[in-house]
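Assemble the whole structure, with the sequences as input and the hints as a guide.
Residue numbers (the working numbering): 66 to 435.
No lab work stands behind these hints, which were simulated from the structure alone.
A portion of the hints provided could be inaccurate.
Below, simulated EDC-like cross-link-like pairs (lysine to aspartate or glutamate); rule was C-alpha separation at most 16 Å, straight line [claimed, not checked]:
{"hint": "1", "residue 1": "Lys414", "residue 2": "Glu207"}
{"hint": "2", "residue 1": "Lys406", "residue 2": "Glu253"}
{"hint": "3", "residue 1": "Lys195", "residue 2": "Asp161"}
{"hint": "4", "residue 1": "Lys233", "residue 2": "Asp204"}
{"hint": "5", "residue 1": "Lys290", "residue 2": "Glu139"}
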Amino acid sequence: MLLSEIIIERIKKEGPISFRDFMEMALYYPELGYYNSAQNKIGADGDFYTSANLTAAFGAMIARQIEEMWLNLEKKPFKIVEYGAGTGLLCHDILDYLKNNNSLYKNVTYCIIEKSASMREIQKKHLHEKVNWYNSIQDIPEINGCILSNELIDNFSIHQVIMEKELKEVFVDYKEEFIEILKPAKKELTDYLTALKVQLPEGFRTEINLEAVSWIKEVSQYLQKGYVITIDYGSLSSELYNSRRSFGTLLCYYKHHKNDNPYQFIGQQDITTHINFSAISHWGSQFGMDSCGIVDQAQFLLALGIKEYQNSILNNNSNNLALAMQESLINYRLLIDMGMKFKVLIQQKGVPEYQLSGLKLSNSSRTVLS
66 MLLSEIIIER IKKEGPISFR DFMEMALYYP ELGYYNSAQN KIGADGDFYT SANLTAAFGA
126 MIARQIEEMW LNLEKKPFKI VEYGAGTGLL CHDILDYLKN NNSLYKNVTY CIIEKSASMR
186 EIQKKHLHEK VNWYNSIQDI PEINGCILSN ELIDNFSIHQ VIMEKELKEV FVDYKEEFIE
246 ILKPAKKELT DYLTALKVQL PEGFRTEINL EAVSWIKEVS QYLQKGYVIT IDYGSLSSEL
306 YNSRRSFGTL LCYYKHHKND NPYQFIGQQD ITTHINFSAI SHWGSQFGMD SCGIVDQAQF
366 LLALGIKEYQ NSILNNNSNN LALAMQESLI NYRLLIDMGM KFKVLIQQKG VPEYQLSGLK
426 LSNSSRTVLS
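Structure follows, in structure tokens:
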């Protein structure tokens, strides 16, 4: 049975379902949901690229930042916890760079939280040491180190809301095709906007990511001491709820083409939304973490010396002209295209205050995130 047929049967049996439940089934239904199917998702044969797919230099710069964090944690045993590691390329590149620091490498453990059996098999093909796999952060003992997510939260299942005379939530019904209907929003959705001091104008459509709140709460609970690096595309509240965003940010990716229709290619296309970094920062502080700062991905990578790193590789390569042309194209994607859309938020818990190198190009290391 097709996944679309399974969703239709559920609607016929239960009545209209929230968009959040529709998205959850489309992305995560066992074996048929986009992220639980065996199809290629990332790279030239998939539906999208990640920064780690473009160049190993991306992972090397994150490794540089982790190396600095390890120093600030007094060179003690250090755990890196990565959520949803994709093909495992980022993990590979981080560990490959950290091998240059023997003292750190001996003390590091890399933990991947990955629920998808098919993705685990892909990751294990080129991750052969230092790595353990887990279903949940709750299974990882004594986390002192860094929790890392790269393009994770944008795929959490979200509630869609529209402001009329009161806040309404989008539900999905089926009448010969999928249609949307509106119901009064439940209290936790209105409370979310109230907590962020957001007032939506009438007619404004947007997303509310309650799973992101649950995620940062869990992360803060199980991180004993260290840092959280969140890399994703998104904005602060001031940008997300600007009039330019009055139709929301939901996008779908199918074979490297974007569309805004989640009711087609169900189980075969990615569904994403921009994340609210103000919300991640706000609830992180509510649960005991401090925000170190937020920068564009380009600022983060440049501050850590990606240009110098790439130049050193060019100088050591005999075919450096072809490599230079390739790096130029990669840098456009990494530093201009994705680099300006993606943000890097770093939070900390239980560590001395320290100016992290990756945040040097921010206006303030402790930017007000609103």
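Comparing the hints with the structure gives:
no.	hint	verdict
1	Lys414 x Glu207	14 Å, holds
2	Lys406 x Glu253	29 Å, violated
3	Lys195 x Asp161	11 Å, holds
4	Lys233 x Asp204	38 Å, violated
5	Lys290 x Glu139	12 Å, holds
Violation of the numbered hints given earlier is confined to hints 2 and 4; the remaining hints are satisfied by the structure.
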